[in-house]
Amino acid sequence: MLVLALVLIPTIANDFFLVQIFAQAAILGLIALSLMLLGGWGGIVSLSQMSVAGLAGYTLAILGQSSMSQSLGSNSWLAAAAALAVALIVGFGIGLLVGRTRGIYTIMITLAIGVAVFYLANQNYAIFNGFTGYSGIAAPHVLGVDLRAPLPFYVLCVSLALMGWAGVAALGRSSFGKALIATRDCERRAAAIGFHVGRHRLVAHTIAGLLAGLGGILLVWFNGRISPGTIGVGPMIDILIIAVIGGMSRPSGAFLGAFVFVLLRTFAIDLVDPERFNTLIGLVFLVIVLTSRDGLLGLLGKLSKPERRKMSPRLKTLEREETS
Amino acid sequence: MKTAYQNGTALALVLGLAALPAFAQDTIQFGAIATLEGPFAVLGQEGIRGVEMAIAQFGGTVAGKEITLEVGSSNAQPDTAIAAARKLVEQDGAAIVVGPLSGSEGLAIRDYARTQPGVTFLNGASAAQDTTLRNPAENFFRWNPDGAQWVAGLGELTYNEMGYESVAIVAEDYSFPYTLVFGFMQPYCELGGRVPERFWVPLGTKDYSTVIASIPQDVDAIFVTLGGSDAVNFLSQYQQAGGDKPLVAGSITVDQSILSSRGRAKEQLIGTPTASPVADTNTDAAWTSFVSAYQEQFPDGLPIPSLFAQEYYISTLAALTALEEVDGDLSDDQAAFRAALSALELQTPAGMRSLDENRQVVTDIFLSQIIETDEGQLVSQLISTVPQVNQTLGFDRETFLAYGEVGRDNPSCD
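Residue numbers (this note's numbering), protein chains in the order written: chain W, 64 to 387; chain E, 10 to 423.
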């Protein structure tokens, strides 16, 4: 059903919707998916996923081709591969740094990492080109098709998003995923059974780094540019908002959240006074979070099964953990 | 789980259908981009007022066609300006876009303009030099001076009249202040002025204590180019730190958006010399009638329209005047309209304006000094007018280009 709809969308939606709404939602969804993996299953709330994406994007811009003289001008695919490698390494590194911390301390450390990356990019001119950043970055051509043209870009982003979604869903069913969820539910018990909690978290951070890096590369191709504004505190919080309003219990929440977020950010200005539209966006997010404990996923669950209030097994474990 | 997707996709389909833009023959769709968020939010609001004024002046129609306006918001970051432009052009079907406001946004919109040859872009108030000087876009018109033009004559005024032989510079760290500082330093250093320190602070900086502490004690004055909330924050912190150096201001720092702000911090601006495309006490009839039209249309606006209201107004006015000349004809990729726009000689609140071969404006610039009126209002009092300043500041193009791209260290002032 979903795949059919995604195939049908290009026949009715215009280019603006294909790229600005669906492709952008897929990109932001991929980055939020990395947070969903960490937060929903690992119980690790990381604010620095946008920074991982940004560092991958900067790697792409610096190694690949742009209109700035700092770019090294190597092949786009090579640069993209290097960007993914950087994202993996950064994800691993963040995992090492925050692996031994819990809860609010993890949030503080990842916030600090994100802010540090932002200021580094903003004030370093030799590598990051300061406030201006990099512009004029083109997506590569495949068999004569420009990947940044509306339809190919839509197909690229949506298929990568589907792959990421399926991958994370499969991961959740795997023994690794089950063990990760176990470390979230009760760290001591998981350790007592014999799981190495630290190692599981480290692997989760690394995989999340890969997902965020993928999103970062697509984001740079999408915008054709990257500058510190792309990875500032605002965009970092945006990823958290997307994950939370979408719902952290399942991978689809990240994309649902991203879709609603992009729609609101694009069209709120048409609904209310141009000077007040951010208030409307904030109010909608507030309502979603207040009325549903699992974001839009929870709301949709309530709508479809109002009388039974059925919950996914994973949510039940969440519930039990909180009441116990 | 499945129903969740069904609901989601049904929603997507409905929205996708609703997204197809409606085109009508008897309307011309305008788009306007301004910084309605972030440190320049007040300035962006002023910009939109300027656009609305020009459209109201034409009664909302040109050559029998109704003008419709969609507004897009950015936050001074290039990415947000591009996102706003994409929505206006690709979704709302804007044929003519006015904006953006901030320098680096302008550079990004110029690059975006190249990908939309069927749409005409008129700059709002962005004033980075390279938006039009090097590698301009065919369909990007700037009826507004760049930062270096804004301060034409200020270097001479500072050195000769004020007698400041050395200044420290505090400015935001991006393309527009680079341009403005270049325009100030080029004549100032030529005359023998010295600039021992330049402090480039990130846009949106809230804490200036480290900058204020490092300002050298032996400078005669501080040249400040900060806009919006950045300027207010710097001024109040400098006053609280007991700073007593006289100031010289880049145009945006003594704009009405700051002069009419609340609080005592702005009082240290009294006596500050500046240069700008607006002078509040200008007695030219075109300016005074613009001011009264503004006050009438926006009773809740600033006491006197700011530089940004004027610049957005002039760009929109130019577009509407050219549209009227070609009888609303936007066919053939707007060829006739663009030819009319390039050839236009426009009477504006800032005097006569016209475009050069890069579609960059030639305009009058006003040197002024900040005074307090009897009502306790701060205004810029006109000292003299620098007539018809072009982008190369009177140099021939080759000589001017040889100065190189403006930046943190150019000009060097050694």
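To be clear, the hints were calculated from the coordinates, so they are not data collected in a lab.
Check each hint, because a few of them may be wrong.
[Unchecked claim] Now the stretches of chain E that chain W is said to cover, found in silico as 3 or more residues with beta-carbon under 8 angstroms: (1) 93-105; (2) 111-123; (3) 176-188; (4) 395-406.
[Unchecked claim] Only part of the chain W face toward chain E is listed, based on derived beta-carbon distances under 10 angstroms: (5) N77; (6) Q83; (7) Y182; (8) N185; (9) G196; (10) G199; (11) F239; (12) F258; (13) H259; (14) I289; (15) G292; (16) E338.
All C-beta atoms, glycine included, are put in the ideal place defined by N, C-alpha and C.
* Mind checking, does the segment 395-406 of chain E have 3 or more residues with a CB under 8 angstroms from chain W? -> Not satisfied, violated; 0 residues make the cut.
* Against chain E, with CB atoms and a cut of 10 angstroms, does the hint on N185(W) hold up? -> holds, 5 angstroms
* Asked: Should the interface hint for Y182(W) be scored as holding, given a Cβ-Cβ cut-off of 10 angstroms against chain E?
  -> holds, 8 angstroms
* Establish whether the coverage given for the segment 176-188 of chain E by chain W is satisfied; the threshold is a Cβ-Cβ distance below 8 angstroms, and no fewer than three residues must meet it. => holds (count 3)
* **8 angstroms C-beta criterion, at least three residues: is the segment 111-123 of chain E covered by chain W** => holds (count 4)
* Asked: Taking 10 angstroms as the limit, does the beta-carbon of H259(W) come near enough to a beta-carbon in chain E?
  -> Violated - the Cβ of H259(W) stays beyond 10 angstroms from chain E, reaching only about 32 angstroms at its closest.
* Coverage criterion applied to the segment 93-105 of chain E (partner chain W; beta-carbon cut 8 angstroms; 3 residues) -> holds (count 4)
* Using Cβ atoms only, decide whether E338(W) comes closer than 10 angstroms to chain E, and label the hint accordingly. => holds, 6 angstroms
* **Interface hint compliance - F239(W) to chain E, C-beta minimum distance less than 10 angstroms** => Because about 22 angstroms separates F239(W) from the closest Cβ in chain E, which is outside the 10 angstroms limit, the hint is violated.
* Under 10 angstroms, Cβ to Cβ, is where F258(W) needs to be relative to chain E, so tell me if that hint holds or is violated. => Interface hint status for F258(W): violated (28 angstroms vs cutoff 10 angstroms).
* Hey, does the G196(W) contact hint survive, CB to chain E under 10 angstroms? -> holds, 8 angstroms
* Proposed interface contact between Q83(W) and chain E, which counts if any beta carbon pair is under 10 angstroms -> At 6 angstroms from the nearest chain E Cβ, Q83(W) passes the 10 angstroms test, so the hint holds.
Going down the numbered hints, you'll see the structure goes against 4, 11, 12 and 13, while the others check out.
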